[in-house]
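Enquirer: Read off the chains here:
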Amino acid sequence: MQGKLRSKILELHFKANSGHIGCSLSCIDILISILKYSEPGDTFILSKGHAASALYIMLNELREIPDDVLDTFYKNATTLPAHPAALKYNAIPFATGSLGHGLPLATGIAKAKKLKKENSISYVLMSDGETNEGTTWEAANFAVRNKLDNLIIFIDKNGLQGFGNTADIMGDTSSPKVWSSIGFEVMDVNGHDINAMLDIKQKMLLSKNGKPKLIIANTVKGKGIPYMENKMEWHYLPMDEKLYQEALAQIKSDYIL
Amino acid sequence: MRKHFAAYLEKVVTENEKIIFITGDLGYNALENLAAKMGDRFINAGVAEQNMLGVAAGMASQGYEVICYSIAPFVVYRCLEQIRNDVCFHNMPVYIVGNGGGYGYGIMGASHHAIEDIGTLSGLPNMRCYVPAFIEDMKSCLDEMFASKGPSYFRLGLGKNMPDYLMLNNNGASSPVNALAELTIIVQSPVANNLIAALNGNAHQSKVDIFIVNKMPLANLPSDIAASIKRTKKVITIEEHVAIGGVGSAVSFLVHEHSLVINKFVSLHAKGYPGELYGSQSYHQQLSGLDKENISKIINSYF
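Going down the list, the sequences are from chains A and B.
Heads up: the first sequence at position 194 corresponds to 194 in the numbering used here, and the numbers run straight through without jumps.
Heads up: the second sequence at position 6 corresponds to 1006 in the numbering used here, and the numbers run straight through without jumps.
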């Protein structure tokens, strides 16, 4: 599925002549780990809304978004803009795009689930650059104080953000040390190894210790396409025909389709 | 209004178990009973307003109705994007309650005032702003807000009783229909008390139509206000809010849209901080010409 969904992401972006490819390839494996294996009642928010294409492809795979709707991506009168829109799909409970919104929302959902004594999980996927946002720390402390062990955050940690390396800009705001010291249960994992992520997720699900959970998924921006990997510009660039064919060939040779 | 608001809530939260109250760490000497009554549905989210609004939207998506409470400027300006994206875009039942709108916090200074709150919020999608003037119309605003199940902002201010000669209606309140009226006065917020004081004993009181408008945005000119303006052709608007985005600018826009002919229009509104000087609420009202004496002077200038 990792190769198949990558090919579909590439096709979607090629047809739309759109950027944000690197961000989606960075987190598609995380989305598979969360969404393909979630339980009824679980909620998910893509806080890094700029990876919407990965979410749309994943939801298309899960038959939440039909093929003909997917074809409207990026076009006028679409319900699938470059960042997820409000009130269109049950599987997209909140529109995102401005960073730092998803964690407070997911925290509120987790708090509501606790009050209602529901056992389902509130998942949220953030980017590492996004943890620069102050709301991250407001929500993190709220989640700890409210003992929201039904909140599972994934951070797509690819080390790159809008205009440089995260290390050079604000430092490592998704450092496991910082999050553990606040009171989170934190685990590191290879963000492209689905089995490893499922193992970690299972451990987190079983850990009913009152601590909110953080899974730091170490990733490579543009994962799977050598000319995109770890390159900031692939946050923004679209592919021409030649680059698209090269990328597709690479996926065909490296992944089981 | 704060104590009346708390008393109202204590009743509503008992009847409706879906209501959550989140405070941004405020409520001393006003919300203690409410907190005791609500138990785990009363949440202190700390001094973190952006998260408070995000959490509120998240909880609302799970079937709750969520009140977010703080001092007006903190719960409006600090978290504007959360209000717009998380609450309004999704039409969530999140009721933002700002205490001390306008110059309500007086000598506490500009950081604690909210004189651009209505203009800031009322253009957001699905948002309704409630700006009661008296204790009586506060109750009808609260009833309407809790029935709305949509994004709301409630500006709490000075809580005095409405004079007997005004009558509540759908837009707020008004004086009885008066065929002899020569002047239409439209007022918003508890600064209405200054108007009432200015009219008390004024020789022209019987020639004035008064309209309290307590909900924004004003999408249409209410028919009774339109009828009064047609008759008088003279308008004063009074609000403890800057001119931009307030009730005066809304009325002015609607007068043109309805092609009403008027001969004179004066907007009395908050003028910020002339000379960068600070004082009590009534001091700031006076600097903005919203005090009883100036209102009286302006009214007399029409006759």
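Read the hints as simulated data drawn from the structure, not as lab findings.
Here a beta-carbon is modelled for each residue, glycine too, at the ideal position from N, C-alpha and C.
There may be inaccurate statements among the hints.
To be verified - Okay, derived cross-link-like pairs now, DSSO-like style, lysine-lysine, Cα gap no bigger than 27 angstroms in a straight line:
#1 A:LYS147 x B:LYS1037
#2 B:LYS1011 x B:LYS1037
#3 B:LYS1139 x A:LYS114
#4 A:LYS116 x B:LYS1207
#5 A:LYS117 x B:LYS1207
#6 A:LYS242 x A:LYS231
#7 B:LYS1037 x A:LYS116
#8 A:LYS114 x B:LYS1011
#9 B:LYS1149 x A:LYS116
#10 A:LYS88 x B:LYS1149
#11 A:LYS147 x A:LYS117
#12 B:LYS1037 x A:LYS117
#13 B:LYS1018 x A:LYS116
#14 A:LYS88 x B:LYS1018
#15 B:LYS1139 x B:LYS1149
#16 A:LYS8 x A:LYS252
#17 A:LYS4 x A:LYS231
#18 B:LYS1160 x B:LYS1207
#19 B:LYS1160 x B:LYS1139
#20 A:LYS211 x B:LYS1018
#21 B:LYS1018 x A:LYS147
#22 A:LYS114 x B:LYS1207
#23 A:LYS75 x A:LYS203
#24 A:LYS8 x A:LYS117
#25 A:LYS117 x B:LYS1018
#26 B:LYS1011 x A:LYS117
#27 A:LYS36 x A:LYS116
#28 A:LYS114 x B:LYS1160
Stated by the list, open to error - With beta-carbon atoms standing in for the labels, derived distance ranges:
#29 A:ASN119 x B:GLU1017: 43 to 51 angstroms
#30 B:PRO1125 x A:PRO226: 39 to 47 angstroms
#31 A:GLU64 x B:PHE1265: 53 to 61 angstroms
#32 A:LYS15 x B:GLY1109: 49 to 57 angstroms
#33 B:GLU1081 x A:MET1: 29 to 37 angstroms
#34 A:PRO176 x B:ALA1219: 50 to 58 angstroms
#35 B:ALA1219 x A:GLY134: 31 to 39 angstroms
#36 B:GLY1039 x A:GLU39: 52 to 60 angstroms
Enquirer: Now tell me, hint by hint, if it's right for this structure.
Expert: So, going through the hints one by one against the coordinates:
Between the alpha carbons of LYS147 (chain A) and LYS1037 (chain B) the distance comes to roughly 22 angstroms, so the proposed pair stays at or under 27 angstroms and holds. For the suggested pair LYS1011 (chain B) and LYS1037 (chain B), the alpha carbons sit about 10 angstroms apart, so the restraint of at most 27 angstroms is met. Our distance criterion of 27 angstroms between C-alpha atoms is broken by LYS1139 (chain B) and LYS114 (chain A), whose separation comes to about 32 angstroms. For the hint linking LYS116 (chain A) to LYS1207 (chain B), the alpha-carbon distance of about 58 angstroms lies beyond 27 angstroms, and the restraint is violated.
Taking the CA atoms of LYS117 (chain A) and LYS1207 (chain B), the gap is about 61 angstroms. The hint is violated against a cut of 27 angstroms. Between LYS242 (chain A) and LYS231 (chain A) the alpha-carbon distance is near 18 angstroms, which keeps this suggested pair within the 27 angstroms criterion. Pair hint LYS1037 (chain B) plus LYS116 (chain A) holds up; C-alpha atoms about 18 angstroms apart against a cutoff of 27 angstroms. Taken as a hint, the LYS114 (chain A) and LYS1011 (chain B) pair is honoured in the structure, with Cα atoms around 24 angstroms apart against an allowance of 27 angstroms.
For the hint pairing LYS1149 (chain B) with LYS116 (chain A), the CA-to-CA distance comes to about 20 angstroms; that is within 27 angstroms, so the pair holds. Restraint check: the Cα-Cα separation between LYS88 (chain A) and LYS1149 (chain B) comes to about 19 angstroms, which is no more than 27 angstroms; the hinted pair holds. The suggested pairing of LYS147 (chain A) with LYS117 (chain A) holds, with an alpha-carbon distance near 13 angstroms, which does not exceed 27 angstroms. For the given pair, LYS1037 (chain B) sits about 20 angstroms from LYS117 (chain A) by alpha-carbon distance, which is consistent with the 27 angstroms threshold.
With a C-alpha separation of about 10 angstroms, the suggested pair LYS1018 (chain B) and LYS116 (chain A) falls inside the 27 angstroms cut-off, and the hint holds. Restraint check: the Cα-Cα separation between LYS88 (chain A) and LYS1018 (chain B) comes to about 25 angstroms, which is no more than 27 angstroms; the hinted pair holds. Of the supplied pair hints, the one linking LYS1139 (chain B) and LYS1149 (chain B) holds, its CA atoms being roughly 16 angstroms apart against a limit of 27 angstroms. With a C-alpha separation of about 12 angstroms, the suggested pair LYS8 (chain A) and LYS252 (chain A) falls inside the 27 angstroms cut-off, and the hint holds.
With a C-alpha separation of about 22 angstroms, the suggested pairing of LYS4 (chain A) with LYS231 (chain A) holds against the 27 angstroms cut-off. Proximity of LYS1160 (chain B) to LYS1207 (chain B) is assessed by CA-CA distance (about 24 angstroms); at most 27 angstroms being required, the pair is judged to hold. Annotation: proposed proximity of LYS1160 (chain B) to LYS1139 (chain B) holds, straight-line Cα distance about 13 angstroms (limit 27 angstroms). Distance check on the hinted pair: LYS211 (chain A) and LYS1018 (chain B) sit about 26 angstroms apart at the alpha-carbon level, within 27 angstroms; holds.
A threshold of 27 angstroms between alpha carbons decides the hint, and for LYS1018 (chain B) with LYS147 (chain A) the separation of about 21 angstroms falls inside it, so the pair holds. The straight-line distance between the Cα atoms of LYS114 (chain A) and LYS1207 (chain B) is roughly 60 angstroms, outside the 27 angstroms bound, and the hint therefore fails. Proposed proximity of LYS75 (chain A) and LYS203 (chain A) is contradicted: the alpha carbons are some 42 angstroms apart, above 27 angstroms. Only pairs whose Cα atoms come within 27 angstroms are accepted, and LYS8 (chain A) paired with LYS117 (chain A) is rejected, the gap being roughly 39 angstroms.
Distance restraint check for LYS117 (chain A) and LYS1018 (chain B): the Cα-Cα separation of roughly 14 angstroms lies within the 27 angstroms cut-off, and the hinted pair is therefore satisfied. With a C-alpha separation of about 25 angstroms, the suggested pairing of LYS1011 (chain B) with LYS117 (chain A) holds against the 27 angstroms cut-off. Only pairs whose Cα atoms come within 27 angstroms are accepted, and LYS36 (chain A) paired with LYS116 (chain A) is accepted, the gap being roughly 25 angstroms. Using a Cα cut-off of 27 angstroms, the hinted pair LYS114 (chain A) and LYS1160 (chain B) is violated, with the two alpha carbons roughly 41 angstroms apart.
Hint check: ASN119 (chain A) to GLU1017 (chain B), Cβ distance near 20 angstroms, so the stated range 43 to 51 angstroms is violated. Here the CB-CB span from PRO1125 (chain B) to PRO226 (chain A) is close to 44 angstroms, well matched to the stated 39 to 47 angstroms. Remark: the range hint 53 to 61 angstroms for GLU64 (chain A) to PHE1265 (chain B) is upheld by a beta-carbon distance near 54 angstroms. At roughly 56 angstroms, the beta carbons of LYS15 (chain A) and GLY1109 (chain B) sit within the given window of 49 to 57 angstroms.
Between GLU1081 (chain B) and MET1 (chain A) the beta carbons are some 35 angstroms apart, a value that agrees with the proposed interval 29 to 37 angstroms. Roughly 51 angstroms separates the CB atoms of PRO176 (chain A) and ALA1219 (chain B), a value that falls within the hinted 50 to 58 angstroms. Checking the proposed 31 to 39 angstroms range against ALA1219 (chain B) and GLY134 (chain A) shows it holds: the Cβ atoms sit about 35 angstroms from each other. At roughly 29 angstroms, the beta carbons of GLY1039 (chain B) and GLU39 (chain A) sit outside the given window of 52 to 60 angstroms.
Comparing the model with each earlier hint shows violations of hints 3, 4, 5, 22, 23, 24, 28, 29, 36; every other hint is respected.
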